Structure formats: structure tokens, C-alpha cells
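Novice: Chain by chain, the residues:
2 protein chains.
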Amino acid sequence: MTHTLFITQLADIFAAHQIKTNDAARPYHTDERNRYHLAPLAVVLPHSTAQISRLIKLCAAQNPPVAVIAQGGNTGLVGGCAVLPDCPSILLNLSQLNRVIEIDPLNQTATVDAGVTLQALHDALKPYQLIFPLTLASQNAATIGGNLATNAGGTQVLRYGSMRDLCLGLEVVLADGSVWDGLNTLRKNNTGYDLKHVFIGAEGTLGVITRAVLKLFPAPLHRVCALVACNDLKSILDTFSTIKSKFDQQLTAFEYISANAFDLVCTQFDITPPLEAAPEYALIELASSLPLDNGAFETALDTLLHVNVLQNAAIAHNEQQSAQFWRIRELISAAQKKLGKNIKHDISLPISSINAFCNATYAALQQAYPMIEPTVFGHIGDGNLHFNVSRGGAFADADGLMACEPQINAIVYRFVAQFHGSISAEHGIGLLKRDLLPTVKSDVELRLMRDIKQQFDPQNIMNPHKILP
Amino acid sequence: MTHTLFITQLADIFAAHQIKTNDAARPYHTDERNRYHLAPLAVVLPHSTAQISRLIKLCAAQNPPVAVIAQGGNTGLVGGCAVLPDCPSILLNLSQLNRVIEIDPLNQTATVDAGVTLQALHDALKPYQLIFPLTLASQNAATIGGNLATNAGGTQVLRYGSMRDLCLGLEVVLADGSVWDGLNTLRKNNTGYDLKHVFIGAEGTLGVITRAVLKLFPAPLHRVCALVACNDLKSILDTFSTIKSKFDQQLTAFEYISANAFDLVCTQFDITPPLEAAPEYALIELASSLPLDNGAFETALDTLLHVNVLQNAAIAHNEQQSAQFWRIRELISAAQKKLGKNIKHDISLPISSINAFCNATYAALQQAYPMIEPTVFGHIGDGNLHFNVSRGGAFADADGLMACEPQINAIVYRFVAQFHGSISAEHGIGLLKRDLLPTVKSDVELRLMRDIKQQFDPQNIMNPHKILP
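Protein chains in written order, with our numbering: chain A, -10 to 458; chain B, -10 to 458.
Rather than coming from a laboratory, the hints here were simulated on the basis of the structure. None of the values given here were measured: they were computed from a predicted structure. Hints are supplied without guarantee of correctness; some may be wrong.
Said to hold, decoys possible - If you want the footprint, here are the derived chain B segments under chain A, 3+ residues with CB under 8 Å: (1) 2 to 12; (2) 276 to 283; (3) 290 to 297; (4) 392 to 399.
Stated by the list, open to error - According to the in silico footprint, chain B covers these stretches of chain A (three or more CB under 8 Å from chain B): (5) 42 to 52; (6) 163 to 175; (7) 183 to 192; (8) 222 to 234; (9) 313 to 321; (10) 389 to 399.
Each residue gets a CB set at the ideal place from its N, CA and C atoms; glycine is no exception.
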């Protein structure tokens, strides 16, 4: 099977500089975690929805059809943009579809192309005293389209919700090349099935998101940040519960950092720890458009110190100190990457089960691999733990660690299931977790999902073989 | 075609007191607005998901199959539960499926049966200092299942979102009688297509929602409420924009009340107006778990008075006064009902287009029907107007008014389309607006909706002929 003619036909749709093949395509087809490397037939960089529509029609018309894999910032962690063997594919990189089309300050909405990076949108909003609240470590590269396709979360979900909650409308190119214009700018619109939710979180398997309408919020003008230390995870959860009840909508982030994660960042990036060593840490942020009651926050922390729930607490006295606290949180993944390949578990649990889950899982891992040192952190206010394992402790090198990946996954996911958690809180399923899906979904749910895939993509050309095995 | 055998077979599933026919069925089959009256074959009141599953299997096995119309509190305004001629139907009233199953204070979730009324859930939460924020005038009767099926909105959407935003998980009985257990209690769970969003807002046309997991929030302990008056709608919108920017997440309601609506309530319910007569009013509520800065609120209103954006403002000094202000807002629909049948338009617009829309629509209506007096009110912070017309002004009686309904609808919906609004912000489509749907949706969108309906309900037995013509 050759695709020479097909590649030639791409030139009818795209200018030469929009088509990358062979060596020029290489930078696009290795994923963030260096797990997937197969080359597509070509990488194309469209400038318009119309080009994407024509491309998909062309791909659908081949015999056999050519697969279309949409790619945003290529920052995904589960191989969502991986090219598969024996599956001739076009990698549709959306980075050139990158205009902020409209900002409506009174309606508090932004309409943007899918290839706009999250950081570019943040920057575009600065003159308006408005924010788009999604915040991710990878936001310089990650795009709005990728954020939507994976229903991205990040550190501000507690206050503002995930990407799904922040989207009002979409434009999507469907598997037959037709375009669905669902660019709704309304806060309320109950006119039949809400199709945008079918595409959000579908990881490009049902259509290609090309444009979106997003909710904006008044920029918080006041912010306070604290780093706290506890003797155990239960105390971290008690602190969350107290602060959440008291400060509710002012609580914009509650990030858990285990001692392993904390120490790893300080060692790898040569940071002097801002608090004495402790078993568990959390980063707490309050923000508001109104002045904050810093006294009330200090009193709340003092009370928690007094009753021994907290062991230590430091409040940032300025933006710079606040940025230092956040830097520790944001460098965890990079610190892990410095140690080489690692095993990530992006899991979520009912908040009321986190402590029991961690105790059970640590014990089982410790029994199987004495001296194992999981590097755990996450958005504990959303019940979302990044339950990761790097080399160190039981594993002298990354190769030795990765050889045990299936066994370590099995232990972690067994307890995730037992405590009614999720095997993917915010990273999605992609290719990496695809074969786990039947172990966590009922037959009824898998059947409904397969039927939706069949309906929206009968030729199976939209990012095929991802999510569903 | 007779259904005698079918009715007999119902007794295999339900106890005698759970089956209502003939006169006993009558209270269930007239809708809130007294527009639809046809009788179903029977009304059944199941106690369990298993009974609903068996019922649907029985209905699907008939030749021809029997339709299943789920009914909550029967408070819908668009004939969503109407029985259709030539369509033998079972009315599945969920009022007996009404247990609050679990409240998890740390996870801040409640798991409830679909037939629990919104008020019953509010009451059940009182001991926990938690709230479920959805608030509707009809909440004594309206059920969680109905709220989900119609993606209900209400007065707190500004701060907490619509029903869709407040739901984490669902249990649904599908059209073949199988049960989808999607009772997710997690804040983040990105494991494939998010099926709950297919059923939420689908008005019972894709399956019967039997149970749900809902998000809870800390009860706001502090609240302040103001009634303000303006000379024009633009000033109302300017007030909204100022208050929203300044108080952001503390702003829990911003309700617009036109002079017609305000006066109608005061006249019909013999209320002394709490403010001097003005052309436009709004009810503003701030709430928080922390003490509010009432001084900042008063200063903000004073500034708006000073620059003549506001003409008048009254701040409630206690819960009783606050309740008086809210009573005016909540009695509008009841005051209209006292005048007899009326024409409702539950529309939404980009907030930045509300003023231009209202000016254009008033002018066109005035030209067609001199002296017409629309009774407009709504959740202006969500862009949601209840653009209603009662008798009075151009119409001496309700019959004369209702005779002009198609023409009045045509004028209003023409401008809704022109200003990129929605013909149903929060009430849904049901039967009443079904035939309008093709005028407001693209062929691509209608095709996707029809395909979803076909996939989930191939026999067309789940509330057939609603939403889609």
C-alpha cells in the first residue's frame, strides 16, 4: 500500500510550508514522555477550518481511509497523539490555527482558535482585567484545543472547574469533513442535546475541535498563599476541610505535596526548603477580586497549629515569595523527568477515601517492593492525586523501575477500584491506558461508548484505536 | 389496538396502589400551564430502579411498543410530559422513588433518587451546613430527576451554574431496559466519553434518570440583598457589570424585574412597593461563608446612585426584608397565572446584546400591537430573560392574547435569532417548542441529534416526539 498520490493531493489543500514529511516531521511525532515514536505519512499545519474540512474529506475518501490525529501542544501524557503501526495517519498539528478571535468583556467570553496556547490566551486577557482560569504547568505549549480534547484540569479546578465547565461553545470538523458550528456564547441554552459535551474529553476520536467560546472571570486582584506542613495525610485533609468550609469560593488552590515530591524538587533544582522537613506539605491559595481578610486566614492557620493539625505554616508576604512556593509545586514533574522515565498514576478518589486509599496502597507497594518511595502530589481539593513512582528507593535506575511498571500499576489500580476512584483524573486515556478501560467500565457503558464512536466516526478515522480498545 | 393485556402485565411489576388508571390518573396528566390533557394508558409510580427496568422492557416488547414518559413534579412549562394522540404511553411518575441515599460531608456530595424534590434535598442538608444551590420557584414540587432532564437553572446560576454543572454522576435506565450505573462521586474523571452529559437536558428522550450524585457547597452564612431601580435597561446592565467585577464570586443573584412585572405582582398580591415607581428594577444578592463587607456594597451602590446609573436603592437590613424583596421576584409567574393563560418566552442572549435586543423587540411588538405591555424579568447575569406577555395593555382578555401567540412568537424569535440568542434558556424544548427547533439549528446539528436519538432509542419509545420533530 503506497500513499504517494495521497501526499501529492495534500498539496491541493496546503501550501508547501504547511506540509512536513520525513526529517521535518520528526519534531512532531515523539511524545512528551518519549514513549511513542512512529512517523505519520505527513504532518500538516492548517491555517483554517476549511483546510481541515478538505483534509478530512480527502482522508475519508482514500481506500483504505487515512487516519487523522489532531495534535495541539503535544504535551499529553498518555500517548493521545501517538501514531500506531499499520495505521497510515496524518498528524494534524493545530499550532498555526492560533487567533484570539473575539473578547467580549461584558459577556465575559473569549472566542479562540483551537491552536491558541493557554499562555497566549492568558496574555491576551491582561488588558481586560479578566482571566481564563485554567492553569497548567505546560501552558506555554498546551493549546486550548488540546485542553478541550482532554478536559484539562490543573490547579484552579477547585474554584473554577475543569475545561468542560469553562467552555460555552465549540466548532468541530466531523469525520465526514462537515463542520458543526456550535459556537454558542450563551450562559444558558437548553435547546436539545448539548453536543459540545460529546466532543470535550473525547481526545479527538469523534471530531477535530477547531474553535471554542470560553468563559472569562474577573481577575482576582488580591491573593494570599501559604505553605503548610503536617505529620500525616489525614491532617492535610482536615486542613482542607476546615479551610474550604471557612473560605469556600476564595479558596482557589489546595495542592498536596508529599515529602518525597518536596525533597525531590529541592534537591534537583537546588532550592533551600522554605519550611523545616515534615512528612506532608500543602500549598494553599486564596484569591478574590475583593480585599482578602488575611487576619482571618492567619487565625485559621494558627488554630490548626494550636490543635496540632498543622506542624508548621508559612504565609507568603509578597508575590515573589508566593511564586517561590508555587515553583516547588510546579517543578515536581520536571524534577521527576530529570531522574528519567517514571511511572505516573493520574488518579482521583472521593475526598473522604483518600487517606484510606493511600494507607492501603503504600502498604501493598511496600510489601511488594521494600523501600519503594512513591512521589505523590496533586490537587487534593478535587480528590486528584498524581501517584507517581520514580527511580530511587527500591529502584536504583529507571530501567529497573520501568520493568516493574505492570506490577506497580496493578497494585495501584486495584486499590483505585476498591475505593471507587478513577484511573485517569485529568490526563485522559489515550493509548497508554486504553487497554485498562474494559477493567474499569461496565459492559453497558462500553457499549454506549462504542455506539457513539460508531455513530460519529463510522470509518474509524478520527484518532482511531485511542480510548476504546 | 387494545392494551388490556399490557395493563394486566403491569400488575406483574407493580403493586395495585402503584398503578393509576382512568380517574385516578387524571391529576397526573394535565400540565402546569393547562395546555395538555391527553390520558396515558396508565400512570405507574415505581419504588425502585428494578421496577423501571422491568417496565421499560415490557413496553419495548409490545407490538407496537408502548412509549414511556418520565414525570417528576410535573412543573415543566413546555409540555415535556405531555401524552400525544395516537401514541399509547405509560406515564412514569417518579415521586415515590424519593430517598436521599447518602450525604458525604467531606466529599461534599449527595446521592439521591430522581424523585426527591429539590426542597426535600435542601431540607435534608440543613444539619450539615452544606447547600445544594439550585433554587427555583417550583422547588416544593420539582424533582431532582426533572431538574436534570431539563438542565434546570434558576436564580443561583451566576455563582453555582446550572444543573449540568452541579451533577457528578447518574444512574439511567436505557431504552432496552438495561441500567447504566454512572454514579460517579469524583470531581475529576477523564475516562472516555462523559455519558451523563448526553442524558442531562435530554428531557427523558434518551433514557430515564433514576439516581444522581450532586455537588454540595458550604452554606453561605452571610447574605445581603438589595432592590435597586434604574431609568433604563442599559443602566441595569451597567450595574450588573460593576457589581460583578467588584464582588465576583460573592454575587449569587442578579435578577431583573421590569416595571410591568413589578407592578403586576404588587397589584395581584396586594404588596406595598418597597421602592418608588421606576421603569426598571433589579434584585441583587451577595452571599458568602465569610462575613461580607457591607460597607463596600453600600459604597458601590452609592457611587452608582451618584453617577445616576441607579435612581434608587434599598438594602435589606434583615432576613425578613430580604424575603420581602425575593417574594416580589418569586411571585411574578404566579401573578401572571392569575391573569390567565399567557405567552412565555424563556430566552437568552449574549449579555452584551440584551439592551439592543430589547429595544428592537419592544419597537416591533409595539408597532404590531400598540399598547402591548410585555412582562419581562429574569436572570440577567446569565443573559436569561423571561420575555412574557400577559393580558392587559393591547389585550383585554387572555383568549384575545392567545389568538395572537404565533405572531407574537414570530416577532420575538426573529430578534432572538438576529442577536444570536436562544429560544429556550432553561425550560427546554418539550412539545411546545419542538417545531421551532429546525428554525434555530443547522442541518448538521439536527442530523447529529437525530443520530443520537436513533442510537439510544432505536424503537423511539423514550418520551417520543419531544425535542425533535
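Novice: Now tell me, hint by hint, if it's right for this structure.
Specialist: Results of checking the hints against the structure:
no., hint, in the structure
1, 2 to 12, "violated (count 0)"
2, 276 to 283, "holds (count 5)"
3, 290 to 297, "violated (count 0)"
4, 392 to 399, "violated (count 0)"
5, 42 to 52, "violated (count 0)"
6, 163 to 175, "holds (count 9)"
7, 183 to 192, "holds (count 7)"
8, 222 to 234, "holds (count 4)"
9, 313 to 321, "violated (count 0)"
10, 389 to 399, "violated (count 0)"
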